[in-house]
Amino acid sequence: MTGRTRFRVLLLSSAIALAAPRIASAQSKSECKQFTSGSAHTKLDCIEGLFSEQPLHLTFSSLPPGNGLPLGLVYEQPEHVLGGDGKALTDPKLMIVGARHGWYATGSFDWLPPLPYQLKVDSAGTRCHQLGAMCTTNVFSIGMYASHRAVTRLSFYGLGATAPDTPHFFEARESWGGVAARMPLTNWLRLDGQIEDRQLTLPSSDVTATFTEATAPGVASQPNYLHPSVAIRTGVRHINELKTGRTPPPGMKMKSRTELEFRNEASYHWYNDLTTGRYSFQQFVFNGDESFDFQAVILDFFEPGSSWLVEHFCGGNKRNDTCEFGRIDVKTLVQLARVDPANAMPFYFMPTIGGSDVESRTSLRGYDDYRFRGADAAVLQVEYTRTFEKLDPLGMLVFYDGGLVGATASDMWNSRYRQDAGVGLTLRLQHKLFAEMYVAAGNGLKFGYSFGKLF
Amino acid sequence: MAATFQHLVVLMLENRSFDHMLGFLRSPTYDIEGLSGTESNPGPNPGDPPVVVSRDARTVNDLNPDPGHGFVNTNMQIFGNSDGRVTGPLMQGFVKDYALVSNHASHGANIMKCFTEQTLPVLSTLAKQYAVCDHWFSSVPGSTIPNRLFAHGATSLGSLTQDIAIAPSKLKTIFEVMDDRRNRSNFRIYTDGASVLLSNLYLLHHQTHFHDYRDFRTDVLNGDLAEYTFIEPSYDDDAQNGKFATSQHPDFPVDEGEALISEVYRALRDSDFWEDTLLLIVYDEHGGIYDHVEPPSLTPNPALGVVQPSTDPPFAFDRLGVRVPAVMVSPLIAPGTIIKQRFDHCSIVATVRKMFCLDRTPFNWREAQAATFDEVLNLERDQVRKEDLQLPNPVTVAPPAGAKVPPQTRKPTDLSMDMARAMEHSMKTMGLAPATNVSQIYTAQDATNYLRAAASLIKDKA
Numbered sequence: 001m002t003g004r005t006r007f008r009v010l011l012l013s014s015a016i017a018l019a020a021p022r023i024a025s026a027q028s029k030s031e032c033k034q035f036t037s038g039s040a041h042t043k044l045d046c047i048e049g050l051f052s053e054q055p056l057h058l059t060f061s062s063l064p065p066g067n068g069l070p071l072g073l074v075y076e077q078p079e080h081v082l083g084g085d086g087k088a089l090t091d092p093k094l095m096i097v098g099a100r101h102g103w104y105a106t107g108s109f110d111w112l113p114p115l116p117y118q119l120k121v122d123s124a125g126t127r128c129h130q131l132g133a134m135c136t137t138n139v140f141s142i143g144m145y146a147s148h149r150a151v152t153r154l155s156f157y158g159l160g161a162t163a164p165d166t167p168h169f170f171e172a173r174e175s176w177g178g179v180a181a182r183m184p185l186t187n188w189l190r191l192d193g194q195i196e197d198r199q200l201t202l203p204s205s206d207v208t209a210t211f212t213e214a215t216a217p218g219v220a221s222q223p224n225y226l227h228p229s230v231a232i233r234t235g236v237r238h239i240n241e242l243k244t245g246r247t248p249p250p251g252m253k254m255k256s257r258t259e260l261e262f263r264n265e266a267s268y269h270w271y272n273d274l275t276t277g278r279y280s281f282q283q284f285v286f287n288g289d290e291s292f293d294f295q296a297v298i299l300d301f302f303e304p305g306s307s308w309l310v311e312h313f314c315g316g317n318k319r320n321d322t323c324e325f326g327r328i329d330v331k332t333l334v335q336l337a338r339v340d341p342a343n344a345m346p347f348y349f350m351p352t353i354g355g356s357d358v359e360s361r362t363s364l365r366g367y368d369d370y371r372f373r374g375a376d377a378a379v380l381q382v383e384y385t386r387t388f389e390k391l392d393p394l395g396m397l398v399f400y401d402g403g404l405v406g407a408t409a410s411d412m413w414n415s416r417y418r419q420d421a422g423v424g425l426t427l428r429l430q431h432k433l434f435a436e437m438y439v440a441a442g443n444g445l446k447f448g449y450s451f452g453k454l455f
Numbered sequence: 001m002a003a004t005f006q007h008l009v010v011l012m013l014e015n016r017s018f019d020h021m022l023g024f025l026r027s028p029t030y031d032i033e034g035l036s037g038t039e040s041n042p043g044p045n046p047g048d049p050p051v052v053v054s055r056d057a058r059t060v061n062d063l064n065p066d067p068g069h070g071f072v073n074t075n076m077q078i079f080g081n082s083d084g085r086v087t088g089p090l091m092q093g094f095v096k097d098y099a100l101v102s103n104h105a106s107h108g109a110n111i112m113k114c115f116t117e118q119t120l121p122v123l124s125t126l127a128k129q130y131a132v133c134d135h136w137f138s139s140v141p142g143s144t145i146p147n148r149l150f151a152h153g154a155t156s157l158g159s160l161t162q163d164i165a166i167a168p169s170k171l172k173t174i175f176e177v178m179d180d181r182r183n184r185s186n187f188r189i190y191t192d193g194a195s196v197l198l199s200n201l202y203l204l205h206h207q208t209h210f211h212d213y214r215d216f217r218t219d220v221l222n223g224d225l226a227e228y229t230f231i232e233p234s235y236d237d238d239a240q241n242g243k244f245a246t247s248q249h250p251d252f253p254v255d256e257g258e259a260l261i262s263e264v265y266r267a268l269r270d271s272d273f274w275e276d277t278l279l280l281i282v283y284d285e286h287g288g289i290y291d292h293v294e295p296p297s298l299t300p301n302p303a304l305g306v307v308q309p310s311t312d313p314p315f316a317f318d319r320l321g322v323r324v325p326a327v328m329v330s331p332l333i334a335p336g337t338i339i340k341q342r343f344d345h346c347s348i349v350a351t352v353r354k355m356f357c358l359d360r361t362p363f364n365w366r367e368a369q370a371a372t373f374d375e376v377l378n379l380e381r382d383q384v385r386k387e388d389l390q391l392p393n394p395v396t397v398a399p400p401a402g403a404k405v406p407p408q409t410r411k412p413t414d415l416s417m418d419m420a421r422a423m424e425h426s427m428k429t430m431g432l433a434p435a436t437n438v439s440q441i442y443t444a445q446d447a448t449n450y451l452r453a454a455a456s457l458i459k460d461k462a
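For the protein sequence lines, the chains are A and B, in the order given.
Numbering of the first sequence is given in the numbering used here, commencing with residue 1 and proceeding in unit increments.
Numbering of the second sequence is given in the numbering used here, commencing with residue 1 and proceeding in unit increments.
There may be inaccurate statements among the hints.
With the Cβ distance kept under 10 Å, some of the chain B side facing chain A (calculated, not the full set) [to be verified]: (1) E227; (2) S271; (3) D276.
With a Cα cut of at most 16 Å, we get these calculated EDC-like pairs of lysine to aspartate or glutamate [said to hold, decoys possible]: (4) A/K93 to A/E76; (5) A/K331 to A/D300; (6) A/K243 to A/E261; (7) B/K340 to B/E375; (8) A/K432 to A/E290; (9) A/K432 to B/D215; (10) A/K432 to A/D300; (11) A/K432 to B/E387; (12) A/K243 to B/D238; (13) A/K243 to B/E375; (14) B/K386 to B/D272; (15) A/K120 to A/D85; (16) A/K243 to B/D270; (17) A/K33 to B/D312; (18) A/K253 to A/D329; (19) B/K386 to B/D276; (20) B/K340 to B/D31; (21) B/K386 to B/D212; (22) A/K43 to B/D312; (23) A/K93 to B/D276.
Over the 10 Å line for every Cβ pair with chain B, so calculated as not near, a few chain A residues [what the hints assert, rightly or not]: (24) L82; (25) T322; (26) T387.
I should point out that these hints are in silico values taken from the structure, not numbers from a laboratory.
By construction, the Cβ of each residue, glycine as well, lies at the ideal position given by its N, Cα and C atoms.
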């Protein structure tokens, strides 16, 4: 096996490990009894079973960056139930994972209640669940969750866009739990509501010893929060392509095809300090991802050598083969806080930009994780990705990141704008980003990688 | 000469047997190899009354836990033993096997539950309005992965298991044969999430053939329909986003798969390709669910190409799996067509090769022996059916609102379980041995029976 093949098989195996629970409906942990004497198929069945077979299986998960790669156990037992006029789904899940610098435990219960949805294929030819005037592909869901996370290595550089490049580390123990409801109104519009209780504590650390309430609000005491929020989510997908029917117009050998997808979410959060009242604040969050995927569809055979475009951008030279010219993603994240003059927003709830944030969202990839922190933050990311036809499924990535933080919105817009740019390699499977690794130039050169969720 | 089709669309769903889905369509005027209503299986224990097929299959809940459908379980269902020896009447082990798998005697009877035209209206309507194949067998007496590999490459490379890495990655599929640069015919694979084809090394390097199922209708209406299209259902629920799986794999909702079938039909019916397209709706395997037709044996002919045997357990792939539903839809098929020809998933490979490939050499003897369905259309071009058949909405088979769920299927209440445990404790203290164990109480009826028996024992002792 050559090095290149081995690399591809490694990537493939990772992808399969993710796909396994969905396809195999594994009944394969029992294969582990014959692990040493069994065939390669048996051994693989065993491994797949260990990571996928319900109700109890192993998992890889993630903790905030810098705390190690966790391995854990999951208990999940989804069950469909009939009742009233329809079907319900209960999906309980318990997970505990541990890593070098922390651990995380969570329990959740998602429920699709048996509302009197009428399943149909609508006049537009799309299957949907009708409830009153609404007819949506997805249905109303309710989720309950409770989590605890203890991590010992979170970095803090101070507040603002000009904080010195010296990391201090703190430990955080955070518990939160609540209820969320998600109501699809149309196939492109969903309303969410959530209420949760949240408590974070900061044991003694470099940060608690070095910083004060003036330089790191919330470092002295951490209250209990009641945190309700509402959100509106939109997701629009549109394909711009000429209708050519069964028989394309004579002479037309290729037609352009553009997939446009706009996914945006605006939410408003009330963080109510139940202990002292002085750390109450409100927050507006806008999260956007607009993608433009430029393609073409071949309508007629091109003579070999007659088209540079076909040879370098197309997956083949037959009718219905697609050519991929690349995809542009524009991602925005804006977080704005509203804090009464008598109150303060705790530093640990302030958004960060640089590397990844506490929720593992990437922002300024040329900077260290959590590098800049402020009550308000804005991030703009523009990415161009394209698969290499000859190296499919490997592709290239070119990106630009820019971001701002500030104590207030006006402070933020006047603060120093940080930016970086970089290039990288991607692995796309079934048109979904599975993995990327990159080099970014912002604050020197920085190497990084991330994994996307395939299914 | 009858017409032929120029586009083939295959929608392969999951784990349902022919009798379970379409068996009760049989009538004096519709003579499919279906059910008379008297077919039965012995009860799980000696002396138990036989369990007769019934018309009360529900959208979900009947088949949880998932019935066994690996090679050994399928042998138990067909032969009554794990190694496939003929020792008596066949197709008599379904109830017993499911009782063992579910660890509950009375639950085993659920394996005999079937749908009717009223409870499965979409597939039933398409079957009766177009063509039903009542002798389409799964290719392997076993589970999903080997059967799907046979549907793409007429072999599972010796694997009888749910291995989703080694065999799928190495398999040479009919897609690879079609992709010959000299060949003008093309293929597309539409997925809604995961696909076992994802792990195929050839397809891994040719990802542009994968398309998002959400685009299927748009693509077809825009004029982009390949000669061969393979559609994968979604294999998993997404509870956080309020989405049910469409695969119909037990215990995923059957009505969601019905809606998927309807959606695919509607997309083709609304397109310019309708008159030139054959839609095949087929299931990959029986899922451990009852069917009354014995799967036939095959005569290997390695001269036509070797089929790698399984060594673990030994099996030469010389026997078909249990019968599955297969429905063919085209406006060039007369209503009520019943196709008696024997097919299995290798028929897909053989038909695609015959119609769309330059390389006519079969992969192996399984493909060489498989019947093709390229001549299935039975109307002439000038007889093409012009009516726009509107499919009924899927039905969610659930108890009506307020209806009382029978105690045989209702879960026991916490109170009755507490009482049962208390009774068990009392009996142990008194040195009594109950006939059953509290851990074997699954339904409200079980709990009632247990409490009555325990009370009677304690009373007698007192």
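These are the hints, each one checked on the structure:
Look at B/E227: its Cβ gets to within about 8 Å of chain A, closer than 10 Å, so that hint holds up. The beta carbon of B/S271 comes within 8 Å of a beta carbon in chain A, closer than 10 Å, and the hint placing it at the interface holds. Hint status for B/D276 relative to chain A: holds, with the closest Cβ pair at about 7 Å, below 10 Å. Distance check on the hinted pair: A/K93 and A/E76 sit about 4 Å apart at the alpha-carbon level, within 16 Å; holds.
At most 16 Å may separate the alpha-carbon atoms for a hinted pair to count; A/K331 and A/D300 exceed this at roughly 36 Å. Distance restraint check for A/K243 and A/E261: the Cα-Cα separation of roughly 20 Å exceeds the 16 Å cut-off, and the hinted pair is therefore not satisfied. Of the pairs offered as hints, the one joining B/K340 and B/E375 holds, with about 13 Å between alpha carbons and a cut-off of 16 Å not exceeded. Of the pairs offered as hints, the one joining A/K432 and A/E290 holds, with about 15 Å between alpha carbons and a cut-off of 16 Å not exceeded.
Between A/K432 and B/D215, the direct Cα distance comes to roughly 15 Å. Compliance with the 16 Å bound is thereby established for this hinted pair. With a C-alpha separation of about 28 Å, the suggested pair A/K432 and A/D300 falls outside the 16 Å cut-off, and the hint is violated. For a cut-off of 16 Å, the pair hint linking A/K432 to B/E387 is broken: about 40 Å separates their Cα positions. Distance hint between A/K243 and B/D238 is unfulfilled; the C-alpha atoms sit about 33 Å from each other, more than 16 Å.
For the hint linking A/K243 to B/E375, the alpha-carbon distance of about 31 Å lies beyond 16 Å, and the restraint is violated. Between B/K386 and B/D272, the direct Cα distance comes to roughly 13 Å. Compliance with the 16 Å bound is thereby established for this hinted pair. Taken as a hint, the A/K120 and A/D85 pair is honoured in the structure, with Cα atoms around 15 Å apart against an allowance of 16 Å. For the given pair, A/K243 sits about 13 Å from B/D270 by alpha-carbon distance, which is consistent with the 16 Å threshold.
For the proposed pair A/K33 and B/D312, the alpha carbon gap of about 14 Å is at most 16 Å, so the pair holds. A hinted pair counts as satisfied when its Cα atoms are at most 16 Å apart, and A/K253 with A/D329 does not qualify at roughly 28 Å. For the suggested pair B/K386 and B/D276, the alpha carbons sit about 13 Å apart, so the restraint of at most 16 Å is met. Pair hint B/K340 plus B/D31 holds up; C-alpha atoms about 10 Å apart against a cutoff of 16 Å.
Restraint check: the Cα-Cα separation between B/K386 and B/D212 comes to about 30 Å, which exceeds 16 Å; the hinted pair is violated. Distance restraint check for A/K43 and B/D312: the Cα-Cα separation of roughly 12 Å lies within the 16 Å cut-off, and the hinted pair is therefore satisfied. At roughly 48 Å between alpha-carbon atoms, A/K93 and B/D276 are farther apart than 16 Å, so this suggested pair is violated. With a cut of 10 Å on Cβ distances, A/L82 falls inside the contact zone with chain B, its closest approach being about 4 Å.
Once the 10 Å rule is applied to beta carbons, A/T322 is inconsistent with being away from chain B; the minimum gap is 5 Å. For A/T387, the non-interface assignment is contradicted: its Cβ lies about 7 Å from the closest Cβ of chain B, within the 10 Å cut-off.
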